[in-house]
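Hey, can you work out the whole structure from these sequences and the hints?
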Amino acid sequence: MRIDGGHTRPVTFEDLVAEGAAVPVEGWDFSWFAGRATEERPSWGYAKLMGERMAHARRALDLQTGGGEVLAGIPKPPPVLAATEGWPPNAALARRRLAPFGATVAEVGENDPLPFADGSFDLVVSRHPVTVPWQEIARVLAPGGTYLSQQIGSGSVRELAAAMMGSQPVTEAQRPERIRADATAAGLMVVDLRAEALRMEFFDIAAVIVFLRKVIWTVPGFTVDAYRDQLRALHERIERNGPFIAHSQRVLIEAVRPAG
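Per UniProt numbering, the very first residue in the sequence shown carries number 1; after that it's consecutive.
Hints in this document: simulated from the structure, not taken from any laboratory.
Values in this document were obtained by computation on a predicted structure and should not be read as measured data.
Glycine is no exception: its CB is placed at the ideal position from the N, C-alpha and C atoms.
This list has only true hints and no planted wrong ones.
Cβ pair distances, simulated, as ranges:
hint: 1; residue 1: T223; residue 2: W44; range: 30 to 38 Å
hint: 2; residue 1: E159; residue 2: G109; range: 27 to 35 Å
hint: 3; residue 1: D118; residue 2: A173; range: 21 to 29 Å
hint: 4; residue 1: T38; residue 2: L193; range: 21 to 29 Å
hint: 5; residue 1: T223; residue 2: D192; range: 35 to 43 Å
What follows is the structure in structure tokens.
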């Protein structure tokens, strides 16, 4: 057993696998990873930027809100606040968490049309959307309205994906230049676009398992049973060499629907 912060932690592969498989993964609360994994934060501070935009908005929408964790951190909600979420357990969490803000949460799949009228919002935000419905975003934005999003860039955490599945081609869809092109094609004017690569460290295989169960697009279809051999190899690598290093890719975009 390893002593960490006054608590004992299992160190055998099977114990760590059982621990990682048992952790609840609903919502976007990553506090469980404290002491188990780290990730650098983008320099632009998305939560602060979003809070500033929300404080000046009248009607705002948060797309793919997860359990509403990030949205619940805004200091001043707008008079009208709505959110969407496609996974029912997360949608239920978001409804409870955002109720004090008077927010409505619509259960909407990532690829489904948004259930809002044209020009309904002067602010649309989204942190780490699985897909970006550019045409729908442009449709529900009022003229002069803003879309602010921190997105997952191409090749994010590719080192971990390679450890599980072998080397994978890097998609072009989330490169900054493609994001700009997609936003422009939807009729939006990009006013800010930035990208950063951020160091990640995984200190044990339980943290890897929880991350892959929670961030499901890293290794699509991941299960412990299907990837047990790869997990064991990575566990032995961590035990031998120390933390497993990967890099997340993040892109910030702010775009405006032109007035008139």
